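Protein chains in written order, with my numbering: chain A, 22 to 357; chain B, 22 to 357.
Hints in this document: simulated from the structure, not taken from any laboratory. Just so you know, not all the hints are guaranteed correct.
Since the list gives no way to pick one copy over another, a pair counts as held whenever it fits inside one copy or between any two copies.
Said to hold, decoys possible - Computed cross-link-like contacts, SDA-like style, restricted to lysine to any residue with a CA-CA straight-line distance of at most 20 angstroms:
hint	residue 1	residue 2
1	Lys90	Glu202
2	Lys238	Glu272
3	Lys156	Gln271
4	Lys90	His208
5	Lys156	Gly267
6	Lys156	Glu259
7	Lys286	Ala276
8	Lys238	Glu203
9	Lys285	Gly275
10	Lys285	Gln108
11	Lys286	Gln271
12	Lys169	Ile353
13	Lys238	Gly317
14	Lys156	Lys194
15	Lys114	Pro99
16	Lys114	Gly74
17	Lys90	Arg219
18	Lys286	Gly270
19	Lys294	Gly267
20	Lys238	Ile292
21	Lys169	Leu210
22	Lys154	Glu77
Owing to the predicted nature of the structure, the values given are computational and were not obtained by experimental measurement.
2 protein chains.
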Amino acid sequence: MRIALDAMGGDHGPGPNVAGALRAVAAAPDLTVVLVGDPVQLQPLLAEASPAGPIEIVPASEVVGMHEKPSEALRKKPDSSIAKCWQLLAGQKVDGLVSAGNTGAVVAGGLFLKRFLKGVRRPGIAALMPTVKGKTVILDVGANVWPKPLHLLHYGVMGSEYARAMLGIENPKIGLMNVGEEEGKGHDLIQKTYDLFRSGPLKERFFGNVEGRDVHKGVVDVIVTDGFVGNVVLKHAEGVFEFLMGLVGQEVIGALTTERDIAKKAMHGLISKFHHSAAGGAPLLGIDGICMICHGASDERAITNAVLTAAQDVRIGLNARITAAIAALPAITEDE
Amino acid sequence: MRIALDAMGGDHGPGPNVAGALRAVAAAPDLTVVLVGDPVQLQPLLAEASPAGPIEIVPASEVVGMHEKPSEALRKKPDSSIAKCWQLLAGQKVDGLVSAGNTGAVVAGGLFLKRFLKGVRRPGIAALMPTVKGKTVILDVGANVWPKPLHLLHYGVMGSEYARAMLGIENPKIGLMNVGEEEGKGHDLIQKTYDLFRSGPLKERFFGNVEGRDVHKGVVDVIVTDGFVGNVVLKHAEGVFEFLMGLVGQEVIGALTTERDIAKKAMHGLISKFHHSAAGGAPLLGIDGICMICHGASDERAITNAVLTAAQDVRIGLNARITAAIAALPAITEDE
Numbered sequence: 022m023r024i025a026l027d028a029m030g031g032d033h034g035p036g037p038n039v040a041g042a043l044r045a046v047a048a049a050p051d052l053t054v055v056l057v058g059d060p061v062q063l064q065p066l067l068a069e070a071s072p073a074g075p076i077e078i079v080p081a082s083e084v085v086g087m088h089e090k091p092s093e094a095l096r097k098k099p100d101s102s103i104a105k106c107w108q109l110l111a112g113q114k115v116d117g118l119v120s121a122g123n124t125g126a127v128v129a130g131g132l133f134l135k136r137f138l139k140g141v142r143r144p145g146i147a148a149l150m151p152t153v154k155g156k157t158v159i160l161d162v163g164a165n166v167w168p169k170p171l172h173l174l175h176y177g178v179m180g181s182e183y184a185r186a187m188l189g190i191e192n193p194k195i196g197l198m199n200v201g202e203e204e205g206k207g208h209d210l211i212q213k214t215y216d217l218f219r220s221g222p223l224k225e226r227f228f229g230n231v232e233g234r235d236v237h238k239g240v241v242d243v244i245v246t247d248g249f250v251g252n253v254v255l256k257h258a259e260g261v262f263e264f265l266m267g268l269v270g271q272e273v274i275g276a277l278t279t280e281r282d283i284a285k286k287a288m289h290g291l292i293s294k295f296h297h298s299a300a301g302g303a304p305l306l307g308i309d310g311i312c313m314i315c316h317g318a319s320d321e322r323a324i325t326n327a328v329l330t331a332a333q334d335v336r337i338g339l340n341a342r343i344t345a346a347i348a349a350l351p352a353i354t355e356d357e
Numbered sequence: 022m023r024i025a026l027d028a029m030g031g032d033h034g035p036g037p038n039v040a041g042a043l044r045a046v047a048a049a050p051d052l053t054v055v056l057v058g059d060p061v062q063l064q065p066l067l068a069e070a071s072p073a074g075p076i077e078i079v080p081a082s083e084v085v086g087m088h089e090k091p092s093e094a095l096r097k098k099p100d101s102s103i104a105k106c107w108q109l110l111a112g113q114k115v116d117g118l119v120s121a122g123n124t125g126a127v128v129a130g131g132l133f134l135k136r137f138l139k140g141v142r143r144p145g146i147a148a149l150m151p152t153v154k155g156k157t158v159i160l161d162v163g164a165n166v167w168p169k170p171l172h173l174l175h176y177g178v179m180g181s182e183y184a185r186a187m188l189g190i191e192n193p194k195i196g197l198m199n200v201g202e203e204e205g206k207g208h209d210l211i212q213k214t215y216d217l218f219r220s221g222p223l224k225e226r227f228f229g230n231v232e233g234r235d236v237h238k239g240v241v242d243v244i245v246t247d248g249f250v251g252n253v254v255l256k257h258a259e260g261v262f263e264f265l266m267g268l269v270g271q272e273v274i275g276a277l278t279t280e281r282d283i284a285k286k287a288m289h290g291l292i293s294k295f296h297h298s299a300a301g302g303a304p305l306l307g308i309d310g311i312c313m314i315c316h317g318a319s320d321e322r323a324i325t326n327a328v329l330t331a332a333q334d335v336r337i338g339l340n341a342r343i344t345a346a347i348a349a350l351p352a353i354t355e356d357e
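I would like the entire structure built from these sequences, with the hints used as guidance.
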């Protein structure tokens, strides 16, 4: 099992990536991590540690900045760590890749290579959202901001396989993000997508529309949405969480005296549980090979979790399950 | 000052509407509330109370249900309380209207009458979001799910006037909701809108893109977005709030013993402060006359606040300010 790690990606450079790789190989005996990046920076970091498992370095002389325009950056920097990760995946030198670098560039690399799973029209990023009942898969959260109805139907299929694999839900319920519960709500794309789910091959599993307030209620196991809305929701959850935890710290914990430390400890438990590093990364589903996208602010824990999750997705054959589920769909005439 | 109140609107029927009207007229001596609805239900509720100010009843024999299709319902029920409220506004019998009824039907009533302010192409609903620095105006949150760039530019203008009036911010900063900070992010509509803000008449006040995680940071005073994204964000904020307050109650307050009641009281303070009833309603900006849209679950406090805010918007001449600001825009060639 070989996972390429974009060692230059993220806001904090190679440090958390190398540290995360070290922890990942220590945790999974069948795992080799391939660090992709500048050997001059990576070798000393590895030399300091004594890796408990195999870590290799594949040189990449360039880095795509976090604020560069994705496709332009990839074109100008063919030897960037992101481009190199994709080349390793395309050449089947690795089973998966993990990057905390420029998300747009990671996605663009996948779109450019066009190594999609058979039958999949467009890949989508799936994230896990916490709910009162456990977790919900939401996709797409940023790969495809202007999808077609068929893309969204495929997201329903891929999200269901992901929910089965990650959450152990045998028959996941699918909801469509909308501005109201009733049929007929939303714009043209969403209305057409609703019809495709309601009368199509996934109708048994289709719950109907869900609203923003339902995301954390666990009413469905998979929420399908376009990459614009999904991205806003994912980041908004992070923003509201930070805002509210600040307020709770000030107003609730600030009101206490003798039990303040107990409350602080409990709140830090919550913060740690819901911090993005607990999930590690979000997979770009629909790619031939596993591609795990991490938050730019990823720390060591996030990288470790992302690498281990990527390895797990390979082990369980997530892609074979997706390919089979897509192949089982009847032919759908597209409304382009 | 006369405000029509859809007395039949909302999840709880006439009760909270009548109670809210009673409190509103008690608080504002210049205010007359016109209750629009079924006199058989309304008269006993009024007779029980002794109104501290003028309350009138205008009969409406029909009610649009919360789950009816908006335009169909309005067509089939010309004597519904929502349709009657709009007729009163169109006939200048009232200065504004307030409804906790079917939001789609309230908006559809406004679009159907087409009594827009001069120069405004499409009305939009503006909501106030709490931030670490105070409040941010976000619009549209559901009237226009498929806007054009010029609509969004107008939302920037109207949102700025609303921020001036409601938040006392002289030169509001405008942000465009997007999937990343950098120019060039997002789909075609958003890219065109970005260019219109960046190079157009509002360029001095345009901050650039904002992301979901920025909503509650107070980085801008006005967030412009399409009605689909805005609606999802508004409802998602409500959902995350409910989810997190539940967790804080369980995990943080549940960990306490001697100071549990102090913490509970502080948390209820937070819940009350951020509950939707504190804001009361969200105005449909761009309409000739004030139209305030309330949450379906509005209680007495929400209705009172919505009626008082509508009255205040009339008093300060919000619409005259919007009309002047729209008139001050240079002619813009539309890309339809």
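Against the structure, the hints:
1. For a Cα distance limit of 20 angstroms, the shortest separation of Lys90 from Glu202 across copies, 11 angstroms, qualifies, whereas the shortest one inside one copy, 37 angstroms, does not.
2. Proximity of Lys238 to Glu272 under the C-alpha cut-off of 20 angstroms is restricted to the inter-copy arrangement: shortest distance 18 angstroms between copies versus 25 angstroms within a copy.
3. In the homo-oligomer, the alpha carbons of Lys156 and Gln271 lie at most 20 angstroms apart only across protomers (18 angstroms), although the nearest pairing inside one protomer, at 28 angstroms, exceeds that limit.
4. For the homomeric pair Lys90 and His208, the shortest alpha-carbon distance between copies (14 angstroms) is at most 20 angstroms, but the shortest distance inside one copy (29 angstroms) is not.
5. With identical chains, the CA atoms of Lys156 and Gly267 are at most 20 angstroms apart between copies only, with a shortest distance of 16 angstroms across copies and 24 angstroms within one.
6. For the homomeric pair Lys156 and Glu259, the shortest alpha-carbon distances inside one copy (15 angstroms) and between copies (18 angstroms) are both at most 20 angstroms.
7. For a Cα distance limit of 20 angstroms, the shortest separation of Lys286 from Ala276 qualifies both inside one copy, at 15 angstroms, and across copies, at 9 angstroms.
8. Taking the shortest alpha-carbon separations for Lys238 and Glu203, only the intra-copy value of 18 angstroms comes in at or below 20 angstroms, while the best inter-copy value is 33 angstroms.
9. For the homomeric pair Lys285 and Gly275, the shortest alpha-carbon distances inside one copy (10 angstroms) and between copies (12 angstroms) are both at most 20 angstroms.
10. Proximity of Lys285 and Gln108 under a CA criterion of 20 angstroms is satisfied in neither setting, with 46 angstroms inside one chain copy and 55 angstroms between copies.
11. Taking the shortest Cα distances, Lys286 and Gln271 sit within 20 angstroms of each other both inside one copy (14 angstroms) and across copies (14 angstroms).
12. Taking CA atoms no more than 20 angstroms apart as the test, Lys169 paired with Ile353 passes inside one copy only; the shortest distance there is 13 angstroms, against 31 angstroms between copies.
13. When the C-alpha separation of Lys238 and Gly317 is checked against a cutoff of 20 angstroms, the pair qualifies only between copies, where the shortest distance is 19 angstroms, while the shortest distance within a copy is 27 angstroms.
14. For the homomeric pair Lys156 and Lys194, the shortest alpha-carbon distance inside one copy (12 angstroms) is at most 20 angstroms, but the shortest distance between copies (37 angstroms) is not.
15. In this assembly of identical chains, the alpha carbons of Lys114 and Pro99 lie at most 20 angstroms apart only when taken from the same copy (18 angstroms versus 69 angstroms across copies).
16. In this assembly of identical chains, the alpha carbons of Lys114 and Gly74 lie at most 20 angstroms apart only when taken from the same copy (18 angstroms versus 79 angstroms across copies).
17. With identical chains, the CA atoms of Lys90 and Arg219 are at most 20 angstroms apart between copies only, with a shortest distance of 18 angstroms across copies and 38 angstroms within one.
18. For a Cα distance limit of 20 angstroms, the shortest separation of Lys286 from Gly270 qualifies both inside one copy, at 11 angstroms, and across copies, at 14 angstroms.
19. In the homo-oligomer, the alpha carbons of Lys294 and Gly267 lie at most 20 angstroms apart both inside one protomer (16 angstroms) and across protomers (15 angstroms), since each shortest distance falls under that limit.
20. In this assembly of identical chains, the alpha carbons of Lys238 and Ile292 lie at most 20 angstroms apart whether taken from the same copy (19 angstroms) or from different copies (18 angstroms).
21. Proximity of Lys169 to Leu210 under the C-alpha cut-off of 20 angstroms is found in both arrangements, the shortest distances being 7 angstroms within a copy and 16 angstroms between copies.
22. For the homomeric pair Lys154 and Glu77, neither the shortest alpha-carbon distance inside one copy (40 angstroms) nor that between copies (48 angstroms) is at most 20 angstroms.
Consistency with the previously given hints fails for numbers 10 and 22, ordered from lowest to highest.
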